[in-house]
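S.K.: Letter by letter, the chains look like this.
There are 4 protein chains.
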Amino acid sequence: MRIGLIGAGRIANVHARTLHQTDDATLVAVTDPDDEACEALASKYGLKRHESADTMFADDEIDAVVICSPTPQHIEHILGAARAGKPALCEKPVAMETSSVEKLNKDLEGLDPIVMLGFNRRFDPSFARVHELATAGAVGKIEQVTIISRDPAAPPREYIATSGGIFKDMTIHDFDMARFFLGDIVSVAAIGQNLDPELADTGDFDGAVITLTNAEGAAATIVNSRHCASGYDQRLEVFGCSGTLEADNLRPTTVRISGRDTTAGMDPYLDFFLTRYEAAYARELDEFLSAIAEGRTPSPNIEDGAKALRIAEAAEESARTGTIVTL
Amino acid sequence: MRIGLIGAGRIANVHARTLHQTDDATLVAVTDPDDEACEALASKYGLKRHESADTMFADDEIDAVVICSPTPQHIEHILGAARAGKPALCEKPVAMETSSVEKLNKDLEGLDPIVMLGFNRRFDPSFARVHELATAGAVGKIEQVTIISRDPAAPPREYIATSGGIFKDMTIHDFDMARFFLGDIVSVAAIGQNLDPELADTGDFDGAVITLTNAEGAAATIVNSRHCASGYDQRLEVFGCSGTLEADNLRPTTVRISGRDTTAGMDPYLDFFLTRYEAAYARELDEFLSAIAEGRTPSPNIEDGAKALRIAEAAEESARTGTIVTL
Amino acid sequence: MRIGLIGAGRIANVHARTLHQTDDATLVAVTDPDDEACEALASKYGLKRHESADTMFADDEIDAVVICSPTPQHIEHILGAARAGKPALCEKPVAMETSSVEKLNKDLEGLDPIVMLGFNRRFDPSFARVHELATAGAVGKIEQVTIISRDPAAPPREYIATSGGIFKDMTIHDFDMARFFLGDIVSVAAIGQNLDPELADTGDFDGAVITLTNAEGAAATIVNSRHCASGYDQRLEVFGCSGTLEADNLRPTTVRISGRDTTAGMDPYLDFFLTRYEAAYARELDEFLSAIAEGRTPSPNIEDGAKALRIAEAAEESARTGTIVTL
Amino acid sequence: MRIGLIGAGRIANVHARTLHQTDDATLVAVTDPDDEACEALASKYGLKRHESADTMFADDEIDAVVICSPTPQHIEHILGAARAGKPALCEKPVAMETSSVEKLNKDLEGLDPIVMLGFNRRFDPSFARVHELATAGAVGKIEQVTIISRDPAAPPREYIATSGGIFKDMTIHDFDMARFFLGDIVSVAAIGQNLDPELADTGDFDGAVITLTNAEGAAATIVNSRHCASGYDQRLEVFGCSGTLEADNLRPTTVRISGRDTTAGMDPYLDFFLTRYEAAYARELDEFLSAIAEGRTPSPNIEDGAKALRIAEAAEESARTGTIVTL
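Chains as they are written, first to last, in the working numbering: chain A, 1 to 327; chain B, 1 to 327; chain C, 1 to 327; chain D, 1 to 327.
Just so you know, the hints here were simulated from the structure itself, not pulled from any lab data. Any given hint could turn out to be false.
Just so you know, same-sequence chains aren't split out, so a pair can sit in one copy or run between any two.
Result set (EDC-like, lysine to aspartate or glutamate): computed pairs, CA atoms no more than 20 Å apart in a straight line [claimed, not checked]:
(1) Lys106 with Glu216
(2) Lys44 with Asp23
(3) Lys141 with Asp261
The task is simple: from the sequences and hints, build the whole structure.
M.R.: As structure tokens, then:
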């Protein structure tokens with residue numbers, strides 16, 4: 001399996017390293033309009049440089065692509081890969097608006113493409129294990145999911161301005177996790193918070209609490225913050241009628257320190273998303289390669305991306321209007 | 001300090017035992033229309049039996065009362081104690097409707113009574129310690145409070161029928177905890193759940209997720225369930241701008257068992273509220289006795305009861321109408 | 001069951017309080033040559049004061065005694081109670097030398113007394129639960145027991161001078177715990193430590209590591225220190241062929257605090273033995289009263305005291321001579 | 001830095017993968033008398049195959065070697081590398097007898113070689129962090145070190161027969177850890193156990209408890225077992241005069257499961273040494289490459305190997321003779 005990489009930015013570098021380490025595929029080419037970044041990545045791993053995504057799609061020596069371009073280009077690149085018959089792993093989100101995804105789906109009709117969406121958290125070993133256990137009935141029927149999801153620090157103000165807002169930018173991952181456990185969502189109640197005075201004039205929330213329900217009445221609650229003193233706070237609890245599953249934060253060591261005032265104190269959480277989700281990115285790529293090898297639809301896919309996006313839009317509406325939105 | 005006990009039921013027995021063990025007061029009398037219960041309690045601790053609350057209020061050898069009568073009589077007994085100039089510790093809730101509490105407050109005008117309300121959780125050593133640390137600024141400004149509060153098992157259907165509904169009966173404690181940390185609440189978004197088919201026709205919810213905010217935009221999220229396989233699930237997390245405080249469940253031992261499939265497994269949680277909150281009841285009584293001794297208003301008091309009740313009414317409205325209610 | 005208390009010191013006060021709270025017995029009398037202490041305890045609980053242990057033994061209105069006199073009088077008081085036909089709960093250790101216990105046993109022959117020895121740790125809810133699980137086979141055949149046992153702070157130098165040394169004074173409890181799990185001990189290897197310069201000239205060790213084995217080759221390792229910055233460090237691990245059981249320290253709350261540098265830090269351990277083992281003292285008394293009520297020999301008893309003492313003597317010999325002592 | 005690998009067995013494969021992933025060195029050659037293993041490794045990473053260690057030592061295009069040959073050849077290969085002026089990282093143990101290491105040291109005189117010994121546990125992120133904190137004085141003067149070290153399952157009987165015994169084969173790592181924290185050891189008290197009937201006739205112990213002391217009187221206690229139901233049990237506690245540091249086992253996820261009978265149960269420990277110490281092997285190699293780059297003596301080195309070996313011999317003597325051995 002020969003892979004081409006569209007993009008040479010931060011997340012592209014993660015995928016490049018993961019591809020370099022797997023035995024199941026070979027990274028062979030890269031393309032990025034940023035000449036310097038493209039050359040750096042190409043020379044590091046000995047890759048062919050393509051002039052554009054289009055020449056990559058036309059290249060017979062590339063079997064599949066990983067799309068790490070900016071979000072506004074995702075749809076164009078997914079379509080290009082699909083038309084070339086090349087399986088694609090595309091970073092989230094598919095697009096900024098539900099309407100764009102609907103158009104994409106129309107354009108893809110008849111192409112029967114293999115497209116996987118990079119909701120990496122489904123592949124985190126702990127979250128995946130909770131899902132596996134929950135699906136196997138280890139805690140009975142799922143009744144309540146509680147997701148604590150806090151970034152270590154807010155992104156730059158400029159980033160926030162073009163991010164699409166906290167729900168599409170940050171909570172989108174948590175919406176996907178809620179769907180991972182509860183399936184389709186039917187109601188959205190969201191509270192937005194403006195806690196950091198430095199971010200007050202961005203027009204975006206920097207904290208949020210969102211409650212989702214599915215048709216069976218199970219609920220998922222998401223608590224979000226743009227900052228967390230102890231690191232990247234990523235926890236999950238699945239409460240079922242016969243038990244509870246919890247996934248805790250990751251720390252660099254297992255060391256506990258005890259002294260006169262405090263005992264059993266641990267390290268701060270891993271605080272960079274690439275470190276925190278390192279294993280998840282590798283396992284996500286495995287799923288992509290396995291799905292191709294086995295000729296099956298990978299999961300999550302465009303539909304999952306569209307549904308998470310729809311929830312994000314509903315959350316924004318709920319938080320802005322003070323109503324509980326029904327989907 | 002000579003104490004009279006109004007009521008001889010389950011919670012009255014808790015207070016009797018606590019009063020028996022303290023050196024700061026002496027339980028001297030009890031009254032309850034249930035003859036058998038009253039006699040049992042009186043003979044166990046060598047107490048004088050009063051015919052009614054009224055004769056107790058008139059008794060000069062009683063300095064203060066603890067009101068454990070059924071909720072519908074709380075107002076009458078608070079008023080009686082106040083008119084007799086006796087401090088009173090009254091079990092929650094003050095009443096079933098906000099309107100009744102408003103009338104009570106009017107009737108109490110000019111009496112300047114010492115009335116404490118039995119929101120016992122404020123006195124739980126762990127929750128109280130979180131509050132003490134948070135108030136001292138240990139985690140900076142409070143931004144998000146997350147309360148997991150699940151009963152070990154649903155009460156009998158007959159109880160539910162007269163309970164006033166999950167928000168007034170069960171969540172009322174959590175509303176008080178939210179106020180303990182966030183002060184006055186300005187918005188309430190509630191989702192009600194009907195998960196247990198056995199309880200479907202009670203007309204009450206058996207699960208709920210409620211999000212509250214205060215005027216500064218801090219949020220409290222409450223996750224409730226009428227049942228929990230592992231026991232009485234009572235946890236709390238306070239997230240501030242510089243750290244997080246968590247209080248975990250109580251277990252009977254510190255034992256961890258490891259085997260081939262599972263490691264470090266612990267005991268189920270304490271599952272009976274009297275055991276779980278044993279220390280809280282004792283510390284609550286201490287506060288009542290201290291407040292009397294020091295001539296100060298005890299906390300929490302009728303106002304706290306009224307405000308929790310008002311939130312419960314708003315939660316019911318939010319859950320029934322699908323709107324976020326502003327207070 | 002009417003109980004007389006011999007002694008009015010610290011541990012006597014613990015037993016008095018426990019007896020006051022139980023429904024199964026009534027504390028009726030106390031005796032202590034220290035007039036002030038005796039009067040204080042007598043008036044607190046409304047007890048009859050006896051002039052001496054002997055008049056107490058002669059009193060028909062006393063059914064059983066709790067012996068809290070200084071160690072040198074234990075044997076005399078055990079014998080007195082036995083001759084009076086009164087069951088006795090005696091604080092550990094029985095005596096300072098194995099030879100004295102042997103003489104006691106001779107003197108007790110034919111009296112068939114009910115004597116229980118106050119090795120309170122066997123009744124700690126967590127250690128007892130480990131024992132219950134281990135005995136029920138929860139971890140298979142026991143192979144290795146690890147006991148961490150550290151006092152919060154060294155006792156006064158004067159106390160150490162008359163304590164009989166760390167092994168008889170402090171480790172004796174751990175030797176009993178080792179026997180609780182492994183039964184009779186056949187070899188003792190001990191290392192003594194002198195770590196605190198302030199205690200260097202007491203002639204006693206202030207730290208120790210002792211390894212014991214039983215006839216089946218199972219081992220118990222005890223790590224002792226006269227001080228521990230985080231409190232009273234009392235942990236236990238039982239490793240069996242199919243699993244491991246651990247009992248952790250007790251803390252006053254379940255609170256965990258997380259900040260920028262440390263996460264999930266907890267309270268220091270309970271650091272006063274009366275607080276740490278409060279539940280153990282109550283359960284120990286229950287066993288004493290139950291054994292009397294059921295007419296059976298309580299456990300642990302004089303034999304257990306003698307065997308722990310014998311191990312302490314062997315440990316001292318091992319540490320002083322650098323040999324592994326066979327029993 | 002061009003690296004040659006001597007050996008193509010299991011541990012050689014670990015080093016090959018780690019070398020493949022680092023940017024600081026390039027694995028270029030391999031040699032192993034086992035043709036198949038050598039070819040497999042060579043083709044996987046595109047390596048030159050050398051006929052023997054000697055031709056590798058003579059190869060100017062190799063800058064340093066990693067020695068993964070069988071223990072009996074370690075000395076010969078260390079010497080060969082030293083004579084060729086090539087830095088070497090050699091797997092532990094240096095040799096089976098202290099006398100052989102003494103001869104090696106004599107032969108190395110004047111060669112001033114760079115030799116690092118593969119005591120990988122020093123590089124485990126958690127153990128290394130404990131060391132870093134302890135060295136920085138985070139818990140004051142170290143008084144007691146407790147090491148729990150249990151393999152998931154006993155090796156084959158044939159392996160045990162040629163292993164040199166549990167102390168040289170397994171505990172040698174723990175002896176090095178004890179030295180890592182306490183420096184030179186002056187006394188050794190060891191108890192050997194024969195718990196598994198299947199291993200009874202190997203003549204070797206399958207469990208052990210060893211207590212070491214240094215000249216300042218600090219003690220290290222090691223509890224060993226050839227098997228552990230829950231996985232590879234690798235824990236460490238450093239107790240100092242002002243606090244305690246603990247390193248816990250590693251698990252594949254952070255998931256905790258709670259049900260009716262058990263709560264907060266976790267995964268079994270990682271149970272394969274290559275997985276458990278994966279990060280340690282990578283960090284060990286980093287230290288080797290850094291030491292070469294910076295022209296300094298790497299740590300641990302031959303002297304550390306010799307001293308651990310000497311303790312192992314003393315432990316065997318102590319366990320066999322029932323005496324505490326002084327070094």
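S.K.: Against each hint, give a clear statement of whether it holds in the structure.
M.R.: Each hint, compared with the structure:
1. Lys106 with Glu216: Answer is neither: 30 Å inside a copy and 46 Å across each miss the 20 Å cutoff.
2. Lys44 with Asp23: both (18 Å within a copy, 10 Å between copies)
3. Lys141 with Asp261: between (42 Å within a copy, 18 Å between copies)
Of the numbered hints listed earlier, the single one contradicted by the structure is hint 1.
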